[in-house]
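Protein chains: 2
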Amino acid sequence: MEPLKIGLVQMHVEEAKENNLDRAERMVEKAAEQGVQVVALPEMFNCPYDNSYFRHYSEEEGGASYQRLSRIAREQGVVLVGGSMPEIDGDGKVYNTCYIFDKEGRKIGKHRKMHLFDINVKGGQYFKESDVLTAGNSVTVFETPYGKMGAAICFDIRFPELFRLMVQQGARVIITPGAFNMTTGPAHWELLFRTRALDNQVFAAGIAPAQNSQASYKSYGNSLVADPWGNITGRLGYEEGILVQEIDLSKVEKYRGELPLLSSLRHDVYSLRINK
Amino acid sequence: MEPLKIGLVQMHVEEAKENNLDRAERMVEKAAEQGVQVVALPEMFNCPYDNSYFRHYSEEEGGASYQRLSRIAREQGVVLVGGSMPEIDGDGKVYNTCYIFDKEGRKIGKHRKMHLFDINVKGGQYFKESDVLTAGNSVTVFETPYGKMGAAICFDIRFPELFRLMVQQGARVIITPGAFNMTTGPAHWELLFRTRALDNQVFAAGIAPAQNSQASYKSYGNSLVADPWGNITGRLGYEEGILVQEIDLSKVEKYRGELPLLSSLRHDVYSLRINK
Chain A
1 MEPLKIGLVQ MHVEEAKENN LDRAERMVEK AAEQGVQVVA LPEMFNCPYD NSYFRHYSEE
61 EGGASYQRLS RIAREQGVVL VGGSMPEIDG DGKVYNTCYI FDKEGRKIGK HRKMHLFDIN
121 VKGGQYFKES DVLTAGNSVT VFETPYGKMG AAICFDIRFP ELFRLMVQQG ARVIITPGAF
181 NMTTGPAHWE LLFRTRALDN QVFAAGIAPA QNSQASYKSY GNSLVADPWG NITGRLGYEE
241 GILVQEIDLS KVEKYRGELP LLSSLRHDVY SLRINK
Chain B
1 MEPLKIGLVQ MHVEEAKENN LDRAERMVEK AAEQGVQVVA LPEMFNCPYD NSYFRHYSEE
61 EGGASYQRLS RIAREQGVVL VGGSMPEIDG DGKVYNTCYI FDKEGRKIGK HRKMHLFDIN
121 VKGGQYFKES DVLTAGNSVT VFETPYGKMG AAICFDIRFP ELFRLMVQQG ARVIITPGAF
181 NMTTGPAHWE LLFRTRALDN QVFAAGIAPA QNSQASYKSY GNSLVADPWG NITGRLGYEE
241 GILVQEIDLS KVEKYRGELP LLSSLRHDVY SLRINK
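Here the protein sequences come in this chain order: A and B.
Under the working numbering, the final residue of the first sequence carries the number 276; numbering is consecutive throughout.
Under the working numbering, the final residue of the second sequence carries the number 276; numbering is consecutive throughout.
In case anyone wonders, no lab produced these hints; they're calculated from the structure.
Keep in mind that this is a model prediction, so the values were computed, not measured.
All C-beta atoms, glycine included, are put in the ideal place defined by N, C-alpha and C.
Where hints are given, some of them may not hold.
Here are some chain A residues pointing at chain B (derived, C-beta under 8 Å) [what the hints assert, rightly or not]:
1. Gly-123
2. Asp-199
3. Arg-256
4. Ser-264
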């Protein structure tokens with residue numbers, strides 16, 4: 001099996017939505033020039049990560065940003081995991097949503113962040129997404145020419161249940177756009193990707209915005225890939241950049257054979273199930 | 001609230017069972033002299049960790065090793081998490097079992113390893129517990145004067161489901177005797193304790209046998225404690241020793257307040273349940 005090549009776009013996000021869309025397009029193009037088959041953008045790639053922006057920047061599914069991503073995927077011939085953007089539904093509810101497109105530009109997946117990010121660390125970070133956003137209710141696994149993949153968004157990675165459910169549905173690569181901050185990033189970002197990858201014996205990729213010194217919310221950056229043994233195979237720093245990684249999917253089966261974790265789960269003793 | 005003081009006994013385990021019991025007693029005594037209220041022994045503290053020994057060393061519940069632990073707990077006035085030992089039941093099945101005693105020497109908990117350790121890493125470790133041992137079927141949480149605690153054994157720590165279930169039952173400290181090896185230890189031991197502690201916002205302690213250069217199975221040692229923020233607060237190396245740690249249980253509530261993980265679980269979307 002040929003290794004899969006993926007590109008993680010750690011892009012600068014600014015206030016002007018149009019500039020963000022232009023930058024995403026240029027960077028996906030650059031990644032495609034390096035032969036990647038799957039490209040992923042960061043969380044809130046078209047909108048500053050701040051509650052005061054989400055509603056104003058939100059678009060319905062099929063809106064301008066959605067169309068732009070679809071076109072980029074088609075023109076560059078890549079599976080495009082569109083980071084996330086604020087989505088508004090017919091009832092006026094706003095979600096933190098990831099759309100995924102195949103290389104013909106067709107939507108093949110959509111994930112609405114299921115666990116909203118609320119934090120209030122003494123002397124550290126304060127943020128409360130649930131003031132503005134509504135949580136999604138679906139586990140997201142999508143079919144690609146490279147097998148099934150899962151999508152989660154940022155705070156979602158803190159919940160092993162969601163990752164296990166994606167893996168139960170066949171995901172072998174899980175892509176998580178996310179914007180950890182300078183409190184939680186150094187403390188937890190790498191740890192969580194490594195353990196989700198290890199526990200589930202999958203590849204786990206995290207894609208963050210570049211750190212923006214002018215923004216109210218300082219992204220930790222550090223886009224990375226963890227392999228099914230829990231090793232980090234590549235990572236960026238705080239700055240803008242593209243992380244290109246070769247993913248040898250045969251490692252999923254190799255490690256599952258050597259260290260049988262998923263087959264050792266005690267489904268007779270406990271069950272993890274989706275309620276609806 | 002006074003900090004809880006716990007002692008992790010990373011003891012040398014040799015072939016002579018009686019010597020192991022004597023050493024355990026001496027080391028628990030030393031720990032008690034340092035004012036600890038809870039002491040934990042390593043996995044298979046009275047028996048070399050090797051399939052060829054387990055049946056021969058096994059005892060029924062209430063046997064000599066059990067009685068010895070009960071007496072040590074009572075005489076030293078500590079809650080004693082008795083690492084683990086091979087247990088044989090009336091049907092001749094052998095388990096990897098942890099007994100827990102209060103400071104009056106009464107049994108307050110019993111955990112039979114629920115996930116048996118099978119591994120076959122190319123150029124690394126081979127071991128197959130399931131050739132000889134039978135797995136337990138119960139989630140183990142016990143009441144102490146310092147609140148509820150959970151117990152797991154070694155490979156059990158690879159399964160986030162079990163840890164979540166203990167926490168759902170109220171555990172705020174989880175004690176895991178375990179003997180990782182020189183393949184899985186450096187790769188995964190610390191990572192797993194940190195993430196289980198962080199995901200569940202509890203204290204997680206791991207207690208390993210000291211490394212024995214003469215044994216067929218080389219223990220990684222590295223007994224440690226991880227706090228609810230996912231930090232390692234103390235650890236040993238490969239050698240015999242006692243790790244004494246102060247555990248500030250108010251940190252459990254502090255972190256759960258600052259970073260609400262458990263209350264953000266989407267019980268409406270997914271459920272983790274015990275089947276029986």
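Against the structure, the hints come out as follows:
no., hint, in the structure
1, Gly-123, "10 Å, violated"
2, Asp-199, "6 Å, holds"
3, Arg-256, "11 Å, violated"
4, Ser-264, "5 Å, holds"
Hint compliance for this structure: hints 1, 3 are not met, and every other hint is.
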